[in-house]
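S.K.: Residue strings, one per chain:
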Amino acid sequence: NAGVTQTPKFQVLKTGQSMTLQCAQDMNHNSMYWYRQDPGMGLRLIYYSASEGTTDKGEVPNGYNVSRLNKREFSLRLESAAPSQTSVYFCASAPGPYATEAFFGQGTRLTVV
Amino acid sequence: AQSVAQPEDQVNVAEGNPLTVKCTYSVSGNPYLFWYVQYPNRGLQFLLKYITGDNLVKGSYGFEAEFNKSQTSFHLKKPSALVSDSALYFCVLKGNYGQNFVFGPGTRLSVLP
Numbered sequence: 001n002a003g004v005t006q007t008p009k010f011q012v013l014k015t016g017q018s019m020t021l022q023c024a025q026d027m028n029h030n031s032m033y034w035y036r037q038d039p040g041m042g043l044r045l046i047y048y049s050a051s052e053g054t055t056d057k058g059e060v061p062n063g064y065n066v067s068r069l070n071k072r073e074f075s076l077r078l079e080s081a082a083p084s085q086t087s088v089y090f091c092a093s094a095p096g097p098y099a100t101e102a103f104f105g106q107g108t109r110l111t112v113v
Numbered sequence: 001a002q003s004v005a006q007p008e009d010q011v012n013v014a015e016g017n018p019l020t021v022k023c024t025y026s027v028s029g030n031p032y033l034f035w036y037v038q039y040p041n042r043g044l045q046f047l048l049k050y051i052t053g054d055n056l057v058k059g060s061y062g063f064e065a066e067f068n069k070s071q072t073s074f075h076l077k078k079p080s081a082l083v084s085d086s087a088l089y090f091c092v093l094k095g096n097y098g099q100n101f102v103f104g105p106g107t108r109l110s111v112l113p
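In order, the protein sequence lines correspond to chains A and B.
All residue numbers for the first sequence refer to this note's numbering, where the first residue is 1 and numbers rise by one.
All residue numbers for the second sequence refer to this note's numbering, where the first residue is 1 and numbers rise by one.
Just chain A, same shape as in the assembly (with noise of 0.2 Å):
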């Protein structure tokens, strides 16, 4: 049992390039979020889906287009990248929005440089 996957594991990037950020879960959550980690600051929530088909924005969404074209993939996409968007990313699933605990991918490792 897998849980949750995020691929990859580490990313450099060049200022102004895009990529997606991939998760996929296996326990056929409903829920589903990303967060990025900074020092100091937690984890801040960027975007979060409730069910497939649906995403709302979460503290700190600026700069991040999200997807969740099935009930197992939710990915995340900077569309171009810039230095501040250098931090640790995490997916993370629950069962639904009355869940009593989220299940966390191991993270992203993301440079922009």
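Just so you know, these hints were derived from the structure itself, not from any lab.
A few of these clues could be false.
[To be verified] Pairs of lysine-lysine residues, derived as DSS-like cross-links and limited to a Cα-Cα distance of at most 30 Å, are as follows: (1) Lys77(B) / Lys49(B); (2) Lys77(B) / Lys22(B); (3) Lys9(A) / Lys57(A); (4) Lys49(B) / Lys57(A); (5) Lys49(B) / Lys69(B); (6) Lys57(A) / Lys14(A); (7) Lys49(B) / Lys71(A); (8) Lys58(B) / Lys22(B); (9) Lys69(B) / Lys9(A).
[To be verified] Quick list of simulated restraints, FRET-style, between CB atoms: (10) Leu112(B) / Asn30(A): 36 to 46 Å; (11) Asn30(A) / Val83(B): 32 to 42 Å; (12) Ala50(A) / Ser70(B): 30 to 40 Å; (13) Thr52(B) / Asn30(A): 19 to 29 Å; (14) Glu66(B) / Phe10(A): 37 to 47 Å; (15) Pro95(A) / Lys58(B): 18 to 28 Å; (16) Ser84(B) / Gly96(A): 31 to 41 Å; (17) Pro97(A) / Pro18(B): 34 to 44 Å.
None of these values were measured; they are calculated from a predicted model.
For every residue, glycine included, the Cβ atom is placed at its ideal position computed from N, Cα and C.
Got chain A sorted already, so can you dock chain B onto it with the hints?
M.R.: Frame of chain A, contents of chain B only:
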């Protein structure tokens, strides 16, 4: 609005001594509260949660936490610290009718041999 505070950036404790990592929260309604731990260059691991019932919650690796509604606190404790407990600890809040998991800024615990 929901928020979580962890008043200490860093906690240092000697091995074998008891440890406490503090957390206070603000939320409308009844909270779901969690502690997660992050070891260096690793993902997030679930330690314990409070949903309802007994105010003292026991979790993984000998950790426990006490929910105090009047003080809006959820402090993490362990009777005897180990060097291997050194990590970054996050207190997390979810409103019982809300979608999102809100993270505190994190407290870095160092257990000294």
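S.K.: Each hint needs a verdict: does it hold in this structure or not?
M.R.: Results of checking the hints against the structure:
no. : hint                             : in the structure
1   : Lys77(B) / Lys49(B)              : holds (13 Å)
2   : Lys77(B) / Lys22(B)              : holds (9 Å)
3   : Lys9(A) / Lys57(A)               : holds (24 Å)
4   : Lys49(B) / Lys57(A)              : holds (26 Å)
5   : Lys49(B) / Lys69(B)              : holds (15 Å)
6   : Lys57(A) / Lys14(A)              : holds (25 Å)
7   : Lys49(B) / Lys71(A)              : holds (26 Å)
8   : Lys58(B) / Lys22(B)              : holds (16 Å)
9   : Lys69(B) / Lys9(A)               : violated (39 Å)
10  : Leu112(B) / Asn30(A): 36 to 46 Å : holds (44 Å)
11  : Asn30(A) / Val83(B): 32 to 42 Å  : holds (40 Å)
12  : Ala50(A) / Ser70(B): 30 to 40 Å  : holds (33 Å)
13  : Thr52(B) / Asn30(A): 19 to 29 Å  : holds (22 Å)
14  : Glu66(B) / Phe10(A): 37 to 47 Å  : holds (39 Å)
15  : Pro95(A) / Lys58(B): 18 to 28 Å  : holds (23 Å)
16  : Ser84(B) / Gly96(A): 31 to 41 Å  : holds (35 Å)
17  : Pro97(A) / Pro18(B): 34 to 44 Å  : holds (37 Å)
Violated hints amount to a single one, hint 9; each of the other numbered hints is respected by the structure.
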